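Based on the hints, put chain P in the right spot on chain U.
Protein chains in written order, with our numbering: chain U, 1 to 360; chain P, 1 to 360.
No lab work stands behind these hints: they were computed from the structure. Here the structure is a predicted model, which means the values were calculated and not measured. Mixed in with the good hints, there may be bad ones.
[As the list claims (entries may be wrong)] Calculated pairs, DSS-like style, for lysine-lysine (alpha carbon to alpha carbon, straight line, at most 27 Å):
(1) K94(P) with K206(U)
(2) K53(P) with K206(U)
(3) K348(P) with K302(P)
(4) K206(P) with K53(U)
(5) K53(U) with K166(U)
2 protein chains.
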Amino acid sequence: MSNNNTATMQQSFPMNGGDGPHSYLNNSHLQRQATNASRITIEEAIAKKLDVKCFSSNPFRLADLGCSVGPNTFIAMQHIVEAVERKYLAQGLKSEMPEFQVFFNDHVANDFNTLFASLPTERRYFACGVPGSFHGRLFPESSIHFMFSSHALHWLSKVPEELLDKNSPAWNRGRIHYTSGPEEVSHAYAAQFEHDMEIFLSARAKELVFGGMIVLLIPALPTGIPTSHIPIGIMFDLLGSSLMDMAKEGLISEAEVDSFNLPIYATSLEQMTSLVERNGYLIIERMELMDPTSKHVAVSGKDYTMNFRAGMEGIFGEHFGSGIIDEVFDRLYKKTVEFSHQLESSHKEGTQLFVVLRRK
Amino acid sequence: MSNNNTATMQQSFPMNGGDGPHSYLNNSHLQRQATNASRITIEEAIAKKLDVKCFSSNPFRLADLGCSVGPNTFIAMQHIVEAVERKYLAQGLKSEMPEFQVFFNDHVANDFNTLFASLPTERRYFACGVPGSFHGRLFPESSIHFMFSSHALHWLSKVPEELLDKNSPAWNRGRIHYTSGPEEVSHAYAAQFEHDMEIFLSARAKELVFGGMIVLLIPALPTGIPTSHIPIGIMFDLLGSSLMDMAKEGLISEAEVDSFNLPIYATSLEQMTSLVERNGYLIIERMELMDPTSKHVAVSGKDYTMNFRAGMEGIFGEHFGSGIIDEVFDRLYKKTVEFSHQLESSHKEGTQLFVVLRRK
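Next up, chain U with everything else stripped away, as it sits in the complex (with noise of 0.2 Å):
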């Protein structure tokens, strides 16, 4: 066994660390709401689907698939920490009460000092944290009894290859993203994102107990919607043309715009039930689009900005060099008052999917 060998491979892109005024710690509100929004679904499928009955009683073990540094993380694994509590005692099981361990895995680079030292200090769960990569085996066979995973499998493993490719037609020339690119661009990211998910589900399946529960939260295409008209395509339209911008000022190089691609995909609820019965070892318990924040909350530029900072400011760094990452974020959030009227007007509806699968 080497459970490195494929994450080696792999690029790794960690949210911002630390407590700073750029750090993913404080930069992480969007994906909260994302989750809160969700909080109850979650509840709802613990206490109808989850069947407490059938695990060996001690421990009860969950896991956190790109946690990230917290203070997110711990307002989930909390909830359904409770979630699951509640579905022993009604299933009649109180005197089998498991004690919990909580593994919270991100990629090797994530900051864990930051994550370790936030833990809340009262509790209720034994907590570990696991370093690699979620696109392979984090986990012994059949040891997991439910797992979760916020806005963190949109991240493939690694850009497709032929978007390199000078003569390929999915290169991806003055674009950083396949939004508002040609069809092979796309057509790139969707198998690179079905390869991912075809390794990711098969290693759970592996690492789940019989009966064992995984919900996923995704950022999503609804269906007849193109990419450039939900808010994360609009950034990502904005953040190229800022960097074209900055090539055409001479900042930096066309040639490092097009070689620069973020390896970001949002799926849709067609295509993930699709990988998920070709892969064959989980049920569907559920799966359906959700909006990620409630419509009374206005999301402003500025919070869109901070939040693609937070979570790509390394990626960014890695490619053009730490020494432009200001300027280009000021320029993106300057693009997001200039663009605010389509930012604003964007669909916003069902562009998270939730997912819960159980364990055959």
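Using the frame of chain U, we list chain P on its own:
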């Protein structure tokens, strides 16, 4: 359950993180020698005393308590995994060979980022980091098959309180350790160690599966030898007198030295035996004094100084301020040269206790 209630009242003194010239990573070869010296003895304990037939097959879970940042912990875990694999083969259980999961434990403030970044890529186990003090619970009940702790248990959970009370006969004026101090100071340290070990052994007994094994390597005092005659004791005396010199020169105050004590204690074979017996949950399979380093390896004053600095820079910096660290350890090094005859002729035999315990 609140796993951290006790931990938050304790003091935390991680080894130096990172990979710089004063890092534990680059200055822990004395601990590595000590672990290597015990390698064959650990293999013997596993071969003779670990009955893997009594475990449910999958996975086999190991923990290293007080692992620091590597590489020592990786070397030790690799040896133990290989020895357990051989035991499965020897017991005719090739077809039931388990997957391995290793829990690397240390204080929350330990540099887990460095630990994770330096994990061997070709490892034969799934890796987790477990933040928290081993002076308390770390794992779910009956969940670990093998625990290891090397050169960590001599760290007390805190400085005994009476040492800071000017009206107590255990007030430790002008010294930073019980070495060469009055009996009351030694007794206060011993009482704290006994209290800590009671909690340690009870926690481990809960966490181990029946038949599970603990192997401990602890700096120890051979019977009849005063602490001031073993290398670590000489180093404490030299450190204390370095600080008192600095106080006399006005670089720090005497009150600062009086109020500083290193929470480090060297147990004896007799004391440890009686503590394990009093606890009652663990069988002593082996308990003996060993030489921590080969007789043919000369350890220089520089080696000792660098080793002390990597382990103790944090605790000194917290009390005296990080500005004096270089000065303290420069002086310590000079003292090791001045008193090199004392270090060379010190009593080194049997200053490491090797303990094998098995869960009843």
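We went through each hint and held it up to the structure:
1. K94(P) with K206(U): 21 Å, holds
2. K53(P) with K206(U): 24 Å, holds
3. K348(P) with K302(P): Between K348(P) and K302(P) the Cα gap is close to 17 Å, so the pair holds against 27 Å.
4. K206(P) with K53(U): Holds, at roughly 24 Å.
5. K53(U) with K166(U): Outside the cut-off at roughly 56 Å; violated.
In terms of the numbered hints stated before, the structure departs from hint 5 and from no other.
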